[in-house]
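Taken in order, these protein sequences are the chains called B and L.
Counting from 1, one number per residue, gives the positions in the first sequence under the numbering used here.
Counting from 1, one number per residue, gives the positions in the second sequence under the numbering used here.
Worth flagging that the hints you see were computed from the coordinates, not collected in a lab.
Errors might be hidden in some of the hints.
Straight-line Cα separation of at most 25 Å, DSS-like style, residue types lysine-lysine; simulated pairs [said to hold, decoys possible]:
1. L:K97 with L:K219
2. B:K2 with L:K158
3. B:K228 with B:K71
4. L:K67 with L:K123
5. L:K67 with B:K71
6. L:K219 with B:K71
7. L:K219 with L:K66
8. L:K67 with L:K160
9. L:K160 with L:K59
10. L:K219 with L:K59
11. L:K160 with L:K97
12. B:K71 with L:K123
Residues per chain, in single letters:
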Amino acid sequence: MKRFESYGQGVPGLELGDLSGWLIVVEGPDGVGRTTHVNRLRAHLEQLGYAVAETGLTRSDLASRGIRRAKQGNTLGSNAFNLFYATDFADRLEQQIVPALRAGFVMITDRYIYSLIARAIVRGAEPDWIKQVYSFALLPDAVFYLRIEAAQLVPRVLAEGPFDYWESGMDIPMGEDLHDSFVNYQGRIIHELDALAREYGFHTLDATREVDDIADELCASVTHLLMKRPASLTT
Amino acid sequence: MTTLTTYGQRANPYPGKLVIVEGIDGSGKSTQLSLLAQWLRAEGHLVTFSEWNSSPIVKATTSRGKKNQLLTPLTFSLIHATDFSDRIERDIVPALKGGAIVLADRYVYTAFARDVARGVDPKWVRALYRFAVTPTLAVYYRVPLDVALYRILSARPKLKYYEAGMDLGLSPDPIESYRRFQSRIQVEYEGLVPEYGLATMDATLPVEVQQRALRELIKPHLSDIARAPQGEAFETTEERRA
Numbered sequence: 001m002k003r004f005e006s007y008g009q010g011v012p013g014l015e016l017g018d019l020s021g022w023l024i025v026v027e028g029p030d031g032v033g034r035t036t037h038v039n040r041l042r043a044h045l046e047q048l049g050y051a052v053a054e055t056g057l058t059r060s061d062l063a064s065r066g067i068r069r070a071k072q073g074n075t076l077g078s079n080a081f082n083l084f085y086a087t088d089f090a091d092r093l094e095q096q097i098v099p100a101l102r103a104g105f106v107m108i109t110d111r112y113i114y115s116l117i118a119r120a121i122v123r124g125a126e127p128d129w130i131k132q133v134y135s136f137a138l139l140p141d142a143v144f145y146l147r148i149e150a151a152q153l154v155p156r157v158l159a160e161g162p163f164d165y166w167e168s169g170m171d172i173p174m175g176e177d178l179h180d181s182f183v184n185y186q187g188r189i190i191h192e193l194d195a196l197a198r199e200y201g202f203h204t205l206d207a208t209r210e211v212d213d214i215a216d217e218l219c220a221s222v223t224h225l226l227m228k229r230p231a232s233l234t235t
Numbered sequence: 001m002t003t004l005t006t007y008g009q010r011a012n013p014y015p016g017k018l019v020i021v022e023g024i025d026g027s028g029k030s031t032q033l034s035l036l037a038q039w040l041r042a043e044g045h046l047v048t049f050s051e052w053n054s055s056p057i058v059k060a061t062t063s064r065g066k067k068n069q070l071l072t073p074l075t076f077s078l079i080h081a082t083d084f085s086d087r088i089e090r091d092i093v094p095a096l097k098g099g100a101i102v103l104a105d106r107y108v109y110t111a112f113a114r115d116v117a118r119g120v121d122p123k124w125v126r127a128l129y130r131f132a133v134t135p136t137l138a139v140y141y142r143v144p145l146d147v148a149l150y151r152i153l154s155a156r157p158k159l160k161y162y163e164a165g166m167d168l169g170l171s172p173d174p175i176e177s178y179r180r181f182q183s184r185i186q187v188e189y190e191g192l193v194p195e196y197g198l199a200t201m202d203a204t205l206p207v208e209v210q211q212r213a214l215r216e217l218i219k220p221h222l223s224d225i226a227r228a229p230q231g232e233a234f235e236t237t238e239e240r241r242a
């Protein structure tokens, strides 16, 4: 039996048999505090002696530059953007996630296929189709979903600066200004993430609580999981 | 149970026509398509072209991936689908809506043949291209492998890494690797002909004989199509921009 499985046919040419380690996903909308919690979790696990690696959207060697360029001019078709993100994810899966797992690391990923599926659906992609596209992805050990209402995101985002064009879904404007579009767009994303949370069995964390409380729960849950489930099934 | 979403379920509801040619390198399909374009323009039709791997934004990433050998079968497949999707949304569908005859040198079948030859799951890649419009006419240029290889290898001995399928490790010799890779692609194409009902052309016939046959194939689709305004029929995009 293998430690990891794919949702569908898997990555062409990739043998899953030699993978160990753990794959932990932190999901949630823009501005919910994912980065903070990923950092806290990482520090906690390293303190316990685990080797930790990290990845997140648009951090691939192959596609990050192209996606950034495409965003600047907003000159790429909407579905092409969905597939550009899929390319970026595939590159990170093959070049970052799989090598880290092979080396027995805890791989923490700041968003996974679920946010990408959600943003594609909000932009009109057929849910079945986009899920099929991502069927090469590995099933993670756990998905922690930082759950919040869109309106509650507003002060958090504004504390960091003005509304971002893309985080407000302005490529498919959903309101008469950035604020309105942000609230409506993030609301749609959260709606899709909620549906995915049920479908894929996320561990939902109430992100309106104190940061320390959330971090404690996240760290405790992951630590428990790591102790319960060995890195490798063969050792 | 959800319905399987896959390529072939998006018919062309637009006034324009989509004509595509497929075949391995050296099958002569590009020559045939440009001759067809000339004739259609002379007949007064609106013609636009869409080439494989030509989206301005995506192309830079593809080129970089190829140059630095960053691409795997999976990312090779996805970046080409990204490029194709951009062209579908921004080139092909708008031109079809406008009533043009869109000519495409390579279409989804290139991905089906090439990616599967690289080890990508056939069902997955067909689902990936779900968003593609089904062509009005799709012609496969069938040519014996040796003939195509001779045409390519006698003209251009320097083969690029992915073009030669070097990423598959079939052979350390680029020419031998290219032969084996093209042979695999051809096997896939032969399966696609009955699967999607592609028209086939004997690509060993003289060029003008093939061209006449191609014109016969497209004629039934031209009766209900708009003509270009008088005087603009011979003008290309480049000329208009100049």
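Against the structure, the hints:
A threshold of 25 Å between alpha carbons decides the hint, and for L:K97 with L:K219 the separation of about 20 Å falls inside it, so the pair holds. With a CA separation close to 43 Å, the supplied pair B:K2 and L:K158 exceeds the 25 Å bound. Taking the CA atoms of B:K228 and B:K71, the gap is near 42 Å; set against the 25 Å cutoff, the hint is violated. At most 25 Å may separate the alpha-carbon atoms for a hinted pair to count; L:K67 and L:K123 exceed this at roughly 29 Å.
The straight-line distance between the Cα atoms of L:K67 and B:K71 is roughly 23 Å, inside the 25 Å bound, and the hint therefore holds. Restraint check: the Cα-Cα separation between L:K219 and B:K71 comes to about 42 Å, which exceeds 25 Å; the hinted pair is violated. At most 25 Å may separate the alpha-carbon atoms for a hinted pair to count; L:K219 and L:K66 exceed this at roughly 39 Å. Of the supplied pair hints, the one linking L:K67 and L:K160 holds, its CA atoms being roughly 9 Å apart against a limit of 25 Å.
A threshold of 25 Å between alpha carbons decides the hint, and for L:K160 with L:K59 the separation of about 16 Å falls inside it, so the pair holds. For the hint pairing L:K219 with L:K59, the CA-to-CA distance comes to about 34 Å; that exceeds 25 Å, so the pair is violated. Of the pairs offered as hints, the one joining L:K160 and L:K97 is violated, with about 37 Å between alpha carbons and a cut-off of 25 Å exceeded. Proximity of B:K71 to L:K123 is assessed by CA-CA distance (about 31 Å); at most 25 Å being required, the pair is judged violated.
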